[in-house]
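Student: Both chains come to you apart, so use the hints to assemble them.
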Amino acid sequence: MDATSTTHRGGSPRSLGIMGAAVLFLYVSSVDWSAAAPPPSIHASGKPQSLQVLDTFQPGIFPEQSWKIVAPNPFGPTVAIWTVTPFTNLKDPKSFVDSQLNLRTVSHGNSGGWQVFVPQARTTVTRGMNTASVVAASQGGHGEVGITVSFLGHEQPFVSDGAYETTVVGTITEAF
Amino acid sequence: MKKFLWSLVGVSAVLVGAQVAHSALTGTQTFSVVVPSNISITAPASPTPMTLPDGSDATLPFPAQTWSVKGNSRNGVAVTFAVSQPFVNASDTSYKRDARLSLSAAGTPTGPGVWTIGTATDATNYAASTPDNDATVSASSNRTGQASFNLGVEFLTVENDEVAEGTYSTVVTGTVSANP
Chain A
14 MDATSTTHRG
24 GSPRSLGIMG
34 AAVLFLYVSS
44 VDWSAAAPPP
54 SIHASGKPQS
64 LQVLDTFQPG
74 IFPEQSWKIV
84 APNPFGPTVA
94 IWTVTPFTNL
104 KDPKSFVDSQ
114 LNLRTVSHGN
124 SGGWQVFVPQ
134 ARTTVTRGMN
144 TASVVAASQG
154 GHGEVGITVS
164 FLGHEQPFVS
174 DGAYETTVVG
184 TITEAF
Chain B
4 MKKFLWSLVG
14 VSAVLVGAQV
24 AHSALTGTQT
34 FSVVVPSNIS
44 ITAPASPTPM
54 TLPDGSDATL
64 PFPAQTWSVK
74 GNSRNGVAVT
84 FAVSQPFVNA
94 SDTSYKRDAR
104 LSLSAAGTPT
114 GPGVWTIGTA
124 TDATNYAAST
134 PDNDATVSAS
144 SNRTGQASFN
154 LGVEFLTVEN
164 DEVAEGTYST
174 VVTGTVSANP
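Read top to bottom, the protein sequences are chains A and B.
Plus 13 on top of the position in the first sequence (first one is 1) and you've got our numbering.
Plus 3 on top of the position in the second sequence (first one is 1) and you've got our numbering.
In isolation and in its complexed conformation, chain B is listed as follows (with noise of 0.2 Å):
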């Protein structure tokens, strides 16, 4: 009797354990969600002008300039800083004088990506035989994130008497595209 029984159980475990395995069902249903790209880059204010001191023929170096870059493209941002003429004066323009940037990291960059200073210092040569009347600094990140730059503007003097007086100006653009 006890066996009997017990082929009872034995019988009633598979059959109950068929119908468990059975009667688990399934459905599912897809959720997509787009993030739109977020990329962007802030100019500091416009610095103060300086002043040539009379007679020095030392470069004059503008306070480092504080650049903001973010961007969530998932290969990162390429950012470039560039001057597309030297310093021409407002009122003669065959005046020039080059011009000289410099890039280097400003603070910790928060995100995953890492930042890397592509070209670090470039200037302007109005005055070559072939003459380069631009100058390019560049960095580049490998994934999201946000990053500062500081970036400095050098106004270059040859010979003080050769510098006619008046206000001389360039200007500074800065460009962010994302990664491909």
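Next up, chain A with everything else stripped away, as it sits in the complex (with noise of 0.2 Å):
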């Protein structure tokens, strides 16, 4: 009799718990998500880029460019990266030449969340380091922020000919 007794204890919980959790799982489909909080997106303001290097001792700068954030939810912590490769020349791929980014905030949005968490980072193909990236985070809301590209040949003897090309990618992660 108690072993009946605590087996009809023991069913009525695990009995809610999986109701609770149906309930809960048809709720959450039901609802229109992208509606409610629509995706954050990032791009780039400007077109492609292009420069070319007459003093190769100093390095090649681009003229910053602007890229949008747009963070719809004013509550989601939300994380910018903006990664970039080193130059790699179109005819040699075994040539490279390092890059760096810069990064600042252009505007911090309207409750002034976005800050630069990372504000320089560059490759540096002879130790290994293929991959530079800048960081920016906010609570959440729009902002935009400004990138600067360098092409550094000046710190390499002897720079290729050619066209050489890298891109920017920038990433947005809103966690909630």
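Keep in mind that the hints were calculated from the coordinates and are not lab data.
In this text the structure is predicted, and so the values were computed from the model without any measurement.
Don't be surprised by glycine CBs; every beta carbon is placed ideally from N, CA and C.
Accuracy of the hints is not assured; some may be wrong.
[What the hints assert, rightly or not] Covered stretches of chain B (in silico footprint by chain A; criterion: 3 or more residues with CB under 8 Å from a CB of chain A, positions within the stretch not fixed): (1) 30–43; (2) 75–81; (3) 108–115.
[As the list claims (entries may be wrong)] Some chain A residues judged to face chain B by a derived CB distance under 10 Å, without partners named: (4) Ile55; (5) Gly59; (6) Gln62; (7) Ser63; (8) Val97; (9) Phe100; (10) Asn143; (11) Val162; (12) Gly166; (13) Pro170; (14) Thr184.
[To be verified] If you anchor each label on the Cβ, the simulated ranges turn out as follows: (15) A:Asp105 <-> B:Ser49: 37 to 43 Å; (16) B:Thr111 <-> A:Ala176: 26 to 32 Å; (17) A:Ala176 <-> B:Ser43: 19 to 25 Å; (18) A:Ala176 <-> B:Thr113: 22 to 28 Å; (19) B:Ala109 <-> A:Gly59: 26 to 32 Å; (20) A:Gly159 <-> B:Thr113: 50 to 56 Å; (21) A:Thr139 <-> B:Ala130: 52 to 58 Å; (22) A:Val129 <-> B:Thr113: 55 to 61 Å; (23) A:Thr180 <-> B:Ala85: 44 to 50 Å; (24) A:Thr144 <-> B:Thr113: 51 to 57 Å; (25) B:Ala181 <-> A:Arg140: 28 to 34 Å.
Tutor: As structure tokens, this is what we get:
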């Protein structure tokens, strides 16, 4: 009798748990989450950039590029990371030139939440550092930052002629 | 009740994970740099005129002349040093003396390129049945870099008595070009 009673007492919470989970799942599934909180986005405002290096004793510095950060959720912790690899000679993939990123905040957003955490980073191919990342984060809301890309060809005594290219990839992640 | 809470936690974790994965978005921008070709060769100053000793039949060598070559061609450069005629008497061009060139590396090259001497020695032979009026020595590299070369130039004498008096001269031309 005690055993039966024990079984009876144990079954009720299990049923409640399963039912609760099911109800929650059905509720969550029925909610249009994209409408409630549109996904964030990140994009460069400018077009692809081109530069001709005439003075090989100075770094080639591109004009600062504006990136717009759209983070609709004003309360969601959001991280934006920009990553770059070394410049690569388009006709000789073995020829690399290190790249550098500089990041600054242009607009902190309505809540003033966008802050730069890693303002500068560079690649160093000779040490195996083939990516460089700069980072900004906020508690949510829109923002605008400026990214400056540098071509560090002046660090090499002889940079092969030709066209070099790299791509800055910006990634935004909103936790909630 | 405890299991119910765990169920809630599990469902929430799945939802949060899905939302985080869904929210990671990217944007890109491309940056291009053009590095122009930069190839050059630098000749030394013209050497001091040499005087052929009286009665000497020996070859008259000029001091080694150091040339500098550099290039940023990704496949390296080819360099030649040439004379297009033997030494010629300035007062009477019918009088000539053969010229001989010799090439060797001077110092240690800089940059990733490896430099190789192609033709180390060559001489004119104006008196041959088929006259050879030019001489060329050469070197090349396989990547970017800079190197210096010692170029030897010799005034070849066969018989001193056959050498008419006067001033003889020839011109060495250095040429560098990018390897294809």
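Student: Enumerate the violated hints, using their earlier numbering and listing them in ascending order.
Tutor: Per hint list: 10, 19, 20, 22 and 24 violated.
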